[in-house]
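Order-wise, the sequence lines are chains A and B. Heads up, the final residue of the first sequence is numbered 161 in our numbering, and it's a clean run with no missing numbers. Heads up, the final residue of the second sequence is numbered 1386 in our numbering, and it's a clean run with no missing numbers.
Worth flagging that the hints you see were computed from the coordinates, not collected in a lab. It is possible that some hints are incorrect.
To be verified - Covered, in the sense of this in silico footprint (three residues per stretch, anywhere, with C-beta under 8 angstroms from a C-beta of chain A), are these stretches of chain B:
hint, region
1, 1029–1040
2, 1292–1298
Stated by the list, open to error - Sample of chain B residues facing chain A (criterion: CB under 10 angstroms; computed from the structure):
hint, residue
3, Tyr-1004
4, Phe-1021
5, Pro-1173
6, Phe-1210
7, Thr-1211
8, Thr-1238
9, Ser-1301
10, Val-1346
11, Thr-1365
12, Glu-1368
13, Lys-1371
The C-beta atom is built at its ideal place from N, Cα and C for all residues, glycine as well.
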Amino acid sequence: MDEILEILEKDARITPEEIARMTKKKSAEVKKKIRQYEDGGVILKYKAVINRELVHARNEEVRALIEVNLVPQKDLGFDKVAERIYSFPEVSSCYLVSGTYDLLLIVRGRDIHTVSRFVSEKLSPMENVRGVVTHFMLKKYKEDGVILKQKEEDKRIAISY
Amino acid sequence: MKDYISKTVEKMKPSGIRAFFDLVLGMKDVISLGVGEPDFVTPWEIREAGITSLEQGFTSYTSNKGLLKLRLAIHNYLKNTFGISYSADDEILVTVGVSEGVDLALRAIMNPGDKILVPMPCYVSYGPMTELAGGIPVYIDTRRDDFKLTPQNLKKYIDPKVKGIIFNYPANPTGVSYTRKELEQLKKVLIGHKILCITDEIYCDLTYDFTHTAFPSLPGAKEYTLYLNGFSKSFAMTGWRVGYACGPRDLIAAMTKIHQYTIMCVPITSQMAACEGLHSGRQSVENMKREYRRRREFVVSQLNRIGLKCHMPHGAFYAFPSVRKTGMNGLEFAQKLLAEQKVAVVPGTAFGDEYTDNIRISYATAFEKLKEALLRMEAFVSKHRK
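Pulled out of the complex, with its shape left as it was, chain B reads as follows (with noise of 0.2 angstroms):
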C-alpha cells in the first residue's frame, strides 16, 4: 500500500513521542498532567441549547459560512472583547475548531516555496499544515528570552519569501503572552514587510496578569491579520469542534472556497452551542479563570520550590518548566516520572526537537489531583538530583 501515499504525506514526520503517549494511554491510575483541554465540562446552559437544539429538530446542513446568528454573535463579541469589527457577512467564517482555520489559512495562501514563519515551540499542527500546503515553515527558536517571540529575533528570520507567520498566544505549550506593547512592537516588523500574519488566539479568555489584545485591534494590523479563535477552551468545548477565522473579505472568501469542498459546514448542533455559549456562557468563563489562576500561581511556585525552574505563565493552562537539574531530559523524565511515580507529562520535545530540556505540565486539573501530582514530582525530583 506504501506506493500509493503522497510523497508529502510520506515525508511528514509522525510525532516523535507518539509511543510515549501510547504507554500513558495503556496505564491505569494515572495522574495525568498531559491534557491540552479544560477539565470543567461544558457549561449546562450551552449543553441545554444543543439538546434543544436536537428536540426542536434543527439537524440541517447551515450556510457554509455558518449560522447567521452565530457570525452575529462573533462579531458582536470582537467588538466588545476587543473593539475590532468584523462584518457578519464576508469577514467571518465558522470553522472545525481552530484546526480547520489553520488548514484553511495556509492552503489559501500558499505558492510552492512560499515561507512561513513559525516562533517555537508551538502547537503540533502548524509546521506540518504548513508542508502539506506546500509552503516551507521557518522555525524561530525563542529559547533565549524566555519562549518570547523579540522584534530583534524575528528580524534575523525575514526574506522575501516569508509571505506569513503563524503564531499562538497564550501560547501552547508555554503559556507566554504579550502586552500591547509588545505587539505593536512585532507589529511594526512584520507589517513593515507586509507579512500576513496569522493568530491563534484560541486562550485569549484565559490571560492572567494583563488584557488580552488581539493582534487586528491594532492601528493598522487588521488587513494583514488573519484572526483565528472558537470555543474550545473558553467555554471548555473542545469536542463541539467549532472556531471561527476572521479576516480580510478575500483571504475569508478563499478559505470558504476550499471549506465549502471539505467541510460544507460545522456541525448545526455545535453551532448552536456556540451561540448561547457568546450569549450567556461569560460568567462561566469568569469562574474557569478564576480557578486556573490560582492553580497557576500554585504550580509554578511548587515547580520553582522543587528545583525545576519554571517562568510565570501569562495565560492557558500550562507551565513549561526545565527538567535540566535533574540531568535527564524531557522525554527521560516524563517516561521515568510516569514509570516511578504515575504522573503523567508530555515532554518538550512534542512541540519541536530543540526543546529537550523542557517538559509541559497542564494545569486543568482538579485542585487535588494537581497537588498530589505535585507531591510525587517532589519525591522523584529529590531521588533523581544530581
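Same shape as in the complex, but just chain A (with noise of 0.2 angstroms):
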C-alpha cells in the first residue's frame, strides 16, 4: 500500500506538508495523490474513533451483531439482495461471508427495542431472507485495530542514555 495511504489509515489529522516531509516527497505532489484517492472512492472519509462507552449521552445506542441466511437470486446471486438490506441506515456495516450463514450485519439502534423492531418487522420478512440470529453486543475491547482503552501513560523514565 502506498506509503501516504498507511500515514493517513493511522492518523487522518495529518497535513499533507507533514506528510510530504516524512517521506520526502513534495508537498504539492502528495496533495495531489491525496485528491485523486479521494476522487477514485479510494479515501472514502475522515473520521474519529470514539470509544462510547466514555461518552455519557441520553441517545445512547446499543449495537448488534446480525447473521442472515439468503436465498441467493438467479443470476444476480447475493449482490441484489444485500443491497436492499445494507440499505437500511440501522445497518452499519455488511459483509458477505463463507460458512453457516451468508451476510454478516452490524446494526445499531437507540434501545434493544428498536433492534429488535428492525429484526422482526423489516429484516425477517424478506422475500430472501430464510433466517437470522441476533446477537447483542455487550463490550467492545478493540475495533479496526484501536483498543478501547483510555490512554496509557508512557512508562519509560523520561531521560536516558
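Starting from two chains that each stand alone, build the complex the way the hints lay out.
Here's what the structure looks like:
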C-alpha cells in the first residue's frame, strides 16, 4: 500500500505538508495524490474513532451482530438482496461471509427494542431472508486495530542514555 | 565510608549531567526527547511467550551460556540476515543486554596499560568500563568528519599498546552508520594492526538508507571481531535485558568464565521471550522501522529548517544537531529549553566532554508529541537566535 495511505489510515489529521516531510516528497505531489485517492474512492471519508463507553450521552445506542441466511437470486447471487438490506440506515456494516450463514450485519439502534423491531419487522420478513440470529453486543474491547482503553501513560523514565 | 571505596571507582567520573537528568525527572508534563529506548512496548507475541513460560513453570537457571534454543535462534538469525555463522555451542554467549557484553569483553582482554580506541561521541559506558577493566581508553574525536570514523583519522591513534577498538553503529548518540565499503576500509586498517574489533550493533535493525553490514561478515574480519547485539532496540525489549556476544571460541570461553561467576545466567523468562522475538517478531521490527524512518525525515528536516544544523542520521532513533547558532552550549540550551518550553533533550556532553555544541534528540516518541516538541523548539530558537 502507498505510504501516504498507510500514514493517513493511522492518523487522518496529519497534514499533506507533514506527510511530504516524512516521506521526502514534495507537498504538492502529496496533495495531488490525496486528491486522486479521494476522487477515485480509495479514501472515502475521514472520521474520529470514538470510545462510546466514555460518552455518557442521553441518546446512547446499542449494537447487534446479526447473522443472516439468504436465498440467492438467479443470476444476481447475493448482491441484490444484500443491497436491499444494507440500504437500511440501521445497518452500519454488512459483509458477505463464508460458513454457516451468508451475511454478517452490524446494526445500530437507540435501544434493544429498536433493534428487535428492525429485525422482526424489516429484516426477517424479507422475501429472500431464510433466517436470522441476533447477537447483542455487550462490550467493545478493540475495533479496527484500536484498543478501546483510556490512554496509558508513558511508562519509560523521561530521560536515559 | 569513603575510605572503603576503591581508588579506581573513586576516580571514575560521575556523569556531569546527572543534575540535569534529575531536574527532568522531577518535572511534570514534560515532552521528553531524551529517552534512549523505543516508545513501542514489546510486541504482544513476545510478551505472551514470557507469560506462557511462567505459567508452564520455567523459573529455573539456564546453562551459563544461555538456553540452547535461544543460541540456535541467534545462530540462524545471524546466518540468514548477515551471512555470518557462529556456532551455537561455543561461539555465542547470552548476556544481560549489550552492557554486560561490553563489560565482559573488556575484562576478558585487558592487561594493565592496554589501550582501547573509542570513537567519540559514544555511548556512555565504553570509557568507564575500559578503565574499570584496567585499560586506558583512547578517545578519537570525529567532529571533523560529521561524527564518522575515517581510516585516516583512525591511523593517527594506533600504536603498539592499542589492543582493541570498541564502536557502535548505527550509533548512539549521532545516528551515524557505515556502508559496507566504509567498513571495509576501516577493517583493513584495524586488522592490519591486529586490533580486536568490538562492535556494538544493537541498532542494526534500525538502518534506513542502506543495508546494515555486520562487521564480522567482512572477509577475514570474523576472527578479529567480537560482535555484540541484543533484543532491546529491535524488539523494544529494553527492560528484559537480553543481549548476546559472538566471537572467537577462546574469547567467548574467557567471557563465559567471568559471566558464570558474576551473572550465572540471564533470567529464563527473558530468554524464552527473546526466542519468540526471533521466531515471530520480524514483522513487528519492520513496522517499527518504517515508523522511525518517517519520524527521522520529519525531525531532521524540521531541525535544519529552524536553524539547528543536523546531518542525516543513517540509523538508530537519534538526531545530533548543533545548537551553536543560538549562542548557547548544549547544556545551557537543554536547561533553558526545559525551563521555558518543557521539552527535554540530552546535552551532547553526556557523550563526551568536547561535544558542547550539540544536543541529542531521540525520535522514539509518538508523532504528535514530536510535532509539538519541535514547534516549541522553533519558538525557543527564534526567541534566542543571535
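Hints violated by the structure (numbers, ascending): As far as the earlier hints go, 3, 6 and 7 are violated by this structure, in ascending order.
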